[in-house]
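Protein chains in written order, with full-length UniProt numbering: chain Z, 1 to 236; chain L, 1 to 236.
Please keep in mind that the hints were generated in silico from the structure rather than gathered at the bench. There's no promise every hint is true.
Stated by the list, open to error - Residues on chain Z that point at chain L, a partial pick, calculated with CB under 10 Å: (1) Val72; (2) Ser73; (3) Ile75; (4) Ala82; (5) Leu85; (6) Arg86; (7) His93; (8) Met179; (9) Lys197.
What the hints assert, rightly or not - Distance windows between CB atoms, simulated: (10) L/Ala133 x Z/Asn159: 38 to 44 Å; (11) L/Ala133 x Z/Ser83: 43 to 49 Å; (12) Z/Thr187 x L/Thr14: 51 to 57 Å; (13) L/Arg184 x Z/Thr218: 21 to 27 Å; (14) L/Ile55 x Z/Ile55: 51 to 57 Å; (15) L/Arg184 x Z/Arg149: 50 to 56 Å.
Said to hold, decoys possible - Here are some chain Z residues the structure puts well away from chain L; computed CB gaps all over 12 Å: (16) Leu52; (17) Phe124; (18) Ala153; (19) Ser170; (20) Pro183; (21) Gln221.
Quick reminder that beta carbons are idealized off the backbone N, C-alpha and C, glycines included.
Protein chains: 2
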Amino acid sequence: MPGTASDHIVSSFTDELNSLAQAIAEMGGQVEVAIENGTKALLKLDRELADLTIIADQRVDDMQRRIDDMCVSIIARRQPMASDLRSIVTAIHVANDLERVGDMAKQLARRSLKLEGINLQPTFYNGVKNMTALVLRQLKDALDAYANRDAAASVEVCNRDDEVDAMHTSLFRELLTYMLEDPRNITTCTHLLFCAKNLERIGDHATNIAERAYYLQTGKQLTADVQDLHRTQIKA
Amino acid sequence: MPGTASDHIVSSFTDELNSLAQAIAEMGGQVEVAIENGTKALLKLDRELADLTIIADQRVDDMQRRIDDMCVSIIARRQPMASDLRSIVTAIHVANDLERVGDMAKQLARRSLKLEGINLQPTFYNGVKNMTALVLRQLKDALDAYANRDAAASVEVCNRDDEVDAMHTSLFRELLTYMLEDPRNITTCTHLLFCAKNLERIGDHATNIAERAYYLQTGKQLTADVQDLHRTQIKA
């Protein structure tokens, strides 16, 4: 594992900020893999992959603590100006969101263990599959927007959260109909309802990250008004 | 509304840290009220209270931003030593947890709007009521442990999270049986399942706060090992 610059030499402030950005990107990558594996474990009821995903979450948690320590150490030694300080505090928040997303992935994996022995029908899990693809894209785009301090991309992520919510609502209704059709579906579909909810929440965390990226870049809160304004501009 | 010390005069560093602690306590109080109101709105299907709870969450969000700004401002001007810096960064995390708890309360209120017109049977919601009482106690104790830097109290909160989880599991199973008994219960019980999950997550946030309080006081992570150790000491 390559050490960060700050492990070895007294580097420049810019180098330290870059190391911090790199650590966030690395954590983001780990979390994306966790979502993929968590969903795969769920859809294939793959116990081994579920166990691996659950264990791997420990690394994500460690990563958050490491990023926290990096931030505290940078602030303590460098005494950064307000704008740099703001960006470091934002890194703490983004790492927090990623840690929560890692938790969601772990919960998907755990849920798969509860479904063991049940024959999942493709109709049940197609929605989960599609929703995973959408929230993964949201998370990737949010992390890119954050890394590139791209306000326009942040707005797009936030706008697209409506799609995630709509998909969640439709999946919720669909699963409910399976339960109403046949009581034997109730247990399975209940678990899948929670998986859908987890995915929706991953989407919310992606939005949080995008909102923070927007604020870093513009100094303004990305409110619903601003989103509407941007939406109109895009349409116009 | 009384202004914080830092609004008006150049106060001492200790005063500023006290203002920060007071802001967290205030936010904690707001969030506790939100949980109480959210659950009440749900159990009584009280639309007015639900609306009030949803609107009040805006104030909790504003409070988080204010605490964030206070922290950045204190760090920028005071350039605190490592241990003070650590406690300020912890305040950022605690405010983050409280903001999430506020969201959970808002979701309980929103859920009540979806249940409108449904006649909730007491058997359905007794479990929710008991669980609310338990997680409210967890949150209060965690905030007290944090305010008083009380490591032993933090450990107790973390240990008691098992109780929350057990109560959630039993409620989950109970609601599932109502669904299996009569398909007409499916929609209502599904919504209540999510409420139970929200309450369980409030318990998790309380645990997070307790873990951070423990770390602030001892400089050590409150791992499962440490919890077991304390548990043995209490039993011995």
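Each hint, compared with the structure:
{"no.": "1", "hint": "Val72", "verdict": "holds, 6 Å"}
{"no.": "2", "hint": "Ser73", "verdict": "holds, 8 Å"}
{"no.": "3", "hint": "Ile75", "verdict": "holds, 6 Å"}
{"no.": "4", "hint": "Ala82", "verdict": "holds, 5 Å"}
{"no.": "5", "hint": "Leu85", "verdict": "holds, 5 Å"}
{"no.": "6", "hint": "Arg86", "verdict": "holds, 6 Å"}
{"no.": "7", "hint": "His93", "verdict": "holds, 7 Å"}
{"no.": "8", "hint": "Met179", "verdict": "holds, 5 Å"}
{"no.": "9", "hint": "Lys197", "verdict": "holds, 7 Å"}
{"no.": "10", "hint": "L/Ala133 x Z/Asn159: 38 to 44 Å", "verdict": "holds, 40 Å"}
{"no.": "11", "hint": "L/Ala133 x Z/Ser83: 43 to 49 Å", "verdict": "holds, 45 Å"}
{"no.": "12", "hint": "Z/Thr187 x L/Thr14: 51 to 57 Å", "verdict": "holds, 56 Å"}
{"no.": "13", "hint": "L/Arg184 x Z/Thr218: 21 to 27 Å", "verdict": "violated, 51 Å"}
{"no.": "14", "hint": "L/Ile55 x Z/Ile55: 51 to 57 Å", "verdict": "violated, 43 Å"}
{"no.": "15", "hint": "L/Arg184 x Z/Arg149: 50 to 56 Å", "verdict": "holds, 53 Å"}
{"no.": "16", "hint": "Leu52", "verdict": "holds, 20 Å"}
{"no.": "17", "hint": "Phe124", "verdict": "holds, 15 Å"}
{"no.": "18", "hint": "Ala153", "verdict": "holds, 23 Å"}
{"no.": "19", "hint": "Ser170", "verdict": "holds, 15 Å"}
{"no.": "20", "hint": "Pro183", "verdict": "violated, 5 Å"}
{"no.": "21", "hint": "Gln221", "verdict": "violated, 8 Å"}
The structure shown violates the earlier hints numbered 13, 14, 20 and 21.
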